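Peer 1: Each chain, written out:
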Amino acid sequence: MLTLECPYCGVMADETELSPGYEAHLKRFGPGSTDEQFEAYMFARKNPKGVHFERWRHAYGCGKWFLAARDTATLEVFGTYAAQSSAPPQALQDKIKAKRPDWKGF
Amino acid sequence: MKRYSAFALAREALSNHMGWERAWASPAPRAQYDAIIIGAGGHGLATAYYLGKNHGLTNVAIIEKGWLGGGNTGRNTTIIRSNYLQDSSAAIYEKARSLYETLSQDLNYNAMFSPRGVMMLAQTHHEVRGYLRTAHANSLQGVVTEFISPQKVKELCPILNIDGPRYPVLGALWQARGGTGRHDAVAWGYARACSAMGMDIVQNCEVKGVTSANGVVTGVETTKGYIGTKKLGIVVAGHSGQVADMAGFRLPVEAVALQALVSEPIKPCMDVVVMANTVHGYMSQSDKGEMVIGGGTDGFNNFTQRGSFHHIEETLRALIETFPIISRLKMLRQWGGIVDMTGDRSPIISKTPLGNCFINCGWGTGGFKAIPGSGWAMADLMAKGEPGPLAAEFDMWRFKEGRFIDESVAAGVAH
Ligand SMILES: Cc1cc2nc3c(=O)[nH]c(=O)nc-3n(C[C@H](O)[C@H](O)[C@H](O)COP(=O)(O)OP(=O)(O)OC[C@H]3O[C@@H](n4cnc5c(N)ncnc54)[C@H](O)[C@@H]3O)c2cc1C
Ligand SMILES: [Zn+2]
Chain A
1 MLTLECPYCG
11 VMADETELSP
21 GYEAHLKRFG
31 PGSTDEQFEA
41 YMFARKNPKG
51 VHFERWRHAY
61 GCGKWFLAAR
71 DTATLEVFGT
81 YAAQSSAPPQ
91 ALQDKIKAKR
101 PDWKGF
Chain B
1001 MKRYSAFALA
1011 REALSNHMGW
1021 ERAWASPAPR
1031 AQYDAIIIGA
1041 GGHGLATAYY
1051 LGKNHGLTNV
1061 AIIEKGWLGG
1071 GNTGRNTTII
1081 RSNYLQDSSA
1091 AIYEKARSLY
1101 ETLSQDLNYN
1111 AMFSPRGVMM
1121 LAQTHHEVRG
1131 YLRTAHANSL
1141 QGVVTEFISP
1151 QKVKELCPIL
1161 NIDGPRYPVL
1171 GALWQARGGT
1181 GRHDAVAWGY
1191 ARACSAMGMD
1201 IVQNCEVKGV
1211 TSANGVVTGV
1221 ETTKGYIGTK
1231 KLGIVVAGHS
1241 GQVADMAGFR
1251 LPVEAVALQA
1261 LVSEPIKPCM
1271 DVVVMANTVH
1281 GYMSQSDKGE
1291 MVIGGGTDGF
1301 NNFTQRGSFH
1311 HIEETLRALI
1321 ETFPIISRLK
1331 MLRQWGGIVD
1341 MTGDRSPIIS
1351 KTPLGNCFIN
1361 CGWGTGGFKA
1371 IPGSGWAMAD
1381 LMAKGEPGPL
1391 AAEFDMWRFK
1401 EGRFIDESVA
1411 AGVAH
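Respectively, the protein sequence lines represent chains A and B.
Mapped onto my numbering, the consecutive letters of the first sequence carry residue numbers 1 to 106.
Mapped onto my numbering, the consecutive letters of the second sequence carry residue numbers 1001 to 1415.
What the hints contain is simulated information worked out from the structure, not anything from laboratory work.
Within a straight-line C-alpha distance of at most 27 Å, the following computed DSS-like cross-link-like pairs (lysine-lysine) qualify:
| no. | chain 1 | residue 1 | chain 2 | residue 2 |
| --- | --- | --- | --- | --- |
| 1 | A | Lys46 | B | Lys1065 |
| 2 | B | Lys1065 | A | Lys104 |
| 3 | B | Lys1208 | A | Lys49 |
| 4 | A | Lys46 | B | Lys1351 |
| 5 | A | Lys49 | B | Lys1224 |
| 6 | A | Lys104 | A | Lys46 |
The structure presented is a predicted model; accordingly, all values stated were derived computationally and were not measured.
Construct all of the structure, not just a fragment, from the sequences and the given hints.
Peer 2: Here it is as structure tokens:
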């Protein structure tokens, strides 16, 4: 079972306490955008076999959305961070790079 | 290839069954083919088979990174039905179902298609309305299906509890000529027939790169070296995004784990397939007597062929409510497969931005039933370079243009 630390309440939460929300850091496009931009926002997903950044909600805890870095090929969790981040914290990126030298970066 | 028959069985018995030949050859890849299919699952093998059978193209290789049929094809719960809502889905799934009816004769291999009937329970008023709508649509589409009463449900499946306290059964969508097949046999039968036509099935050979010149595909880099081809078909289910990346384009696909499990074998107690989508579980009984059980997917990207334990609990909870007699059965085996989910939960059979490179993916949690029809449509597309009527609406540009084939919301079911 996946265990993620909620960055708000500090609880190590089991997967059953969380709701998954798929890919993080999507840029929202709305009226006025091109078809390509809107399609990419709605449907194009990185879906990497490896390092992935995604959204989770502490549904049965504080109720807040947060972000997590996880390896989809091993299920290893690298860390979690606040939903208000536009990119993963540098320290987390360094940690991932040290563990996965082949990783192409965020 | 020696044909399988009752006569062959008698003949081989005389030599203690030592004379059976291998079902398919395992050649080393040649330098160049007219067409290469990546992925020897049911869809890839069926594509190759109909390329040969319907279009006379036999200089074909099927390249598989593991063993043939070892992906989702060998991991699924084999439900076959075609009573979908949208015209384009009903057409391709019904084509597949009708091909399943005669597949064993066609391939000279027992695919064990068992049209025992598939029942999708309606346990909310919303589902009743949804299934009535599907039944009406199906009668316009020529797909034989009907909405049946709770009493008829009980008659067809006496072990089903139709008046559970939470979700009593209000009726069901019933397709009498739906059913199950033997998953491995479908892959093996197609493989044997492809091999007999002179096609090369290359196992333990992973495609690592796709080469092109002037925007047209030229070949693939593999763990067994470079192989040239005039046409390429990508049919790799859970790894579609990865192989599309090698060919230089993106797909609206995410990979998640779907699990299934089987119980210890018991005496025959259920001769139909039951799907209970509100409580989320489905069950049938295999010829060996095991109850074959499946549920929902995990909600996160995953390539490990292993899902979350709590999903098994949820599925079993739902099924114990529906079938109280299974509450003390022991579960024997459990496994997962990586399914490719598209943005509208319908498959993609499409040309791609790379010339002469075609993709077939996105069958997600429900593509076993589609194997013959999908292979038929994909072979047509690869042979002619343009989609025929079965594939036309399943192109990958529908996501940009907003032409979704919204089966997921329409039917409210996983498969
Ligand atoms: C638990 C479970 C239950 C299911 N139940 C049902 C059901 O009841 N009814 C139904 O209709 N459907 C069901 N499905 C869905 C069904 O199994 C799939 O839609 C179908 O089998 C997909 O077939 P495929 O040939 O596209 O993929 P696969 O059988 O997965 O074949 C793809 C092949 O491509 C190979 N490959 C991948 N990458 C590469 C590479 N780089 N190089 C070479 N080869 C590569 C893989 O090794 C694999 O063998 C279920 C799926 C699962 C997991
Ligand atoms: Zn919290």
